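Trainee: Just so you know, the protein sequences line up as chains A and B, in that order.
Numbering follows this note's numbering, in which position 409 of the first sequence is assigned residue number 409; successive positions increment by one, without gaps.
So this note's numbering is basically just the index in the second sequence, starting at one, shifted up by 1000.
Since the hints were made in silico from the structure, they are not lab data.
There's no promise every hint is true.
[Said to hold, decoys possible] Computed cross-link-like contacts, BS3-like style, restricted to lysine-lysine with a CA-CA straight-line distance of at most 30 Å:
| hint | chain 1 | residue 1 | chain 2 | residue 2 |
| --- | --- | --- | --- | --- |
| 1 | A | K408 | B | K1246 |
| 2 | B | K1032 | B | K1174 |
| 3 | A | K30 | A | K128 |
| 4 | B | K1032 | A | K408 |
| 5 | A | K396 | B | K1408 |
| 6 | B | K1215 | B | K1246 |
| 7 | B | K1408 | B | K1032 |
| 8 | A | K215 | A | K251 |
| 9 | A | K251 | A | K174 |
Please read all numbers here as calculations on a predicted model, not as lab measurements.
Take a look at the letters that make up each chain.
2 protein chains.
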Amino acid sequence: MTVNYSTPTVNQLLPVAGVRLGVTEAGIRKAKQRDLTLIELAVGSRVAGVFTQNRFCAAPVQVCQQHLAGHDIRALVINTGIANAGTGEPGLTAARATCGAVAALLDLSDRQVLPFSTGVIMEPLPLKRIVSALPACQAALRGDGQGWFDAAQAIMTTDTVAKAASQMADIGDKTISVTGISKGAGMIKPNMATMLGFVATDAAISQTLLEQMVKEVADASFNCISVDGDTSTNDSFILIATGAAKNAEIKTASGEDYAALRDAVAAVAVELAQAIVRDGEGATKFIEIRVEGGIDSAECKAVGYAIAHSPLVKTAFFASDPNLGRILAAIGNAAQFHASLGDLDVRTVRLWLGDTLVAEYGGRAASYHEADGVRAMAPAEILIRIDLGRGSAQAKVWTCDLSYDYVKINADYRS
Amino acid sequence: MTVNYSTPTVNQLLPVAGVRLGVTEAGIRKAKQRDLTLIELAVGSRVAGVFTQNRFCAAPVQVCQQHLAGHDIRALVINTGIANAGTGEPGLTAARATCGAVAALLDLSDRQVLPFSTGVIMEPLPLKRIVSALPACQAALRGDGQGWFDAAQAIMTTDTVAKAASQMADIGDKTISVTGISKGAGMIKPNMATMLGFVATDAAISQTLLEQMVKEVADASFNCISVDGDTSTNDSFILIATGAAKNAEIKTASGEDYAALRDAVAAVAVELAQAIVRDGEGATKFIEIRVEGGIDSAECKAVGYAIAHSPLVKTAFFASDPNLGRILAAIGNAAQFHASLGDLDVRTVRLWLGDTLVAEYGGRAASYHEADGVRAMAPAEILIRIDLGRGSAQAKVWTCDLSYDYVKINADYRS
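Could you build all of it, start to finish, from the sequences and the hints given here?
Mentor: This is the structure:
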């Protein structure tokens, strides 16, 4: 199931000058499935990334971080089926060998290639199959919307729809394009949301600012989502700037060019991040949690995540049951995840479901009627708003409900 | 479903001299259900408790904490159906009025009564029905095993079996008894595990040591369990010592009397805590997670809970699928809940499933075969052992799997 999301058509996806993509069937875990993607970048492209905080981060994540330090990335290779995580030294060797195979094919050095994997943890990467299939990927390379469309499909695992988005923006006298793809579905959680996300623009921007932008955009998009509170070993969000649009290179974060590019990149990233939640494993509802009135945004986010991660809240949403006390309990529970909330005075907390004030002064609002709650819980998209009443900071979290299908998908995933 | 647990028979429950219990049908939320319990304590009884850390803690929890400060508790009153949480000032008034009604009946002062509620949050407590039903509770008061057995049943909510346990111990030249009851099922999580637990002994012990003992025992029992990571608004664990056994009062924690009593109380509390997990909503497996080799027990517990709270791990257990990479991912994820784990070196971590070494050096153990994993995942009781390889501290966590029925129970709970 997917909540109010469908993949853009090929024509809605903008090419990004300097980026070509090719996919093929490598038979990594299952036959007859496009599971290998190659992305080739033009000379002079700049790349920045943010990665999972999981201590058992995957071999490709470790290799990515090493190779990014060289500041001269020319290709990305992405496989599904096997995560190459929890694979120790042999996993690192396999990830490096994958880069070596791509480098040999494209006449690059190993360190100019970034590897990505997603799938089952603790299984060895079938290196031979990947290496054998790479020439087919290379032969399939294309720079148009179809290339992006194919790649969006080829990086899916338990996703039910391919996720892609494009934006245009004016930078100086040039019109630049931004196109991105992502995969998600399960194991979605902050720091990073589990997922792979690749966003490219033809704008020219300095390496330093690109690295700043990838963090800012991640915090406003992929780091606002949660499906089940699990942080994957492989989460990666990569931002590519080829510079092919030939705008005057963006060198300062205070100017309007930086803002225009960041807004376009963020619009793509938010759409991709929300698409991951809308396509969350078993999701039937899309829930936006807005937390206002906190001392800082970190405590607002902690409250949002305490709600988003509560299985009791999530099952109530699945049932469209206005069992709103569970939300209050989750708010009260957030202190264990964020120390500053230890002195939260629940009498100042107000809770709205859509436009309906549900709770204030530590209990149910006098104006609240169950019928309003029933009405507010019915739609596929639900807004929860909390005012902590003790400051001016705010944060957003996007999540989904917990359904029978979540259990079914995750109990059956390997079979 | 319940994993390897059945309620003791009436004959297996020891009376505790100085404690009488009575139950009745008050019609609090549903008809024809015993939902109100009165516990009467003899003069001179001592009581200590630990309570939920949830900032939205329920009205009865707040009243309990105030009344316990008076050190002269003579009665407990427990209702199911309505939690009297998220009910603001009117909720506090209702909890105090319940104490007042009990006090009037038993010729006590209001502050000698402790109130407890469990059930739906944010609904008003039906005070009149409780007050009307209290005389029937009083008439039913009895001090034998049947009294405990009835109370164990009357405090159930979504529990499928009543939970009770007894122990005997020798203190000096006296044999003392310890009997306890608990309710749990959903919303089970540390600080406190969501539940009500009442354990009484006829041993004599000083108030100071009783307060120390309730914390020690909670940390070794109810604070080691998790069903779904939610911390309730109403969790309470109460330890009662009537002194009726007339042993020489225990006044020092270093002597063997304190140890003997603590061990007996802990044995009852561990049995009750494990029974809650075994009867976790939808549980089909009972899982013990032992984490060793940590720098301190807090980080060991954080690793245990990161595993116990991962929906991906829990669904894999439900499916009996040795998708053990999910456990590694959960271990790697624990750093976000406990800062000291930020420098965890995954190469020193070893993971066993039962007796089978599964992972070491950051990846799958060379000796591990999938068939061993399949065999280890099959039983209803599973032991996971982790050695963090960086210290000598340890901790245990008990949890259960996540099944279709968890979703069903929680999606349907109010209907």
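Trainee: Failing hints, ascending?
Mentor: 1, 2 and 4
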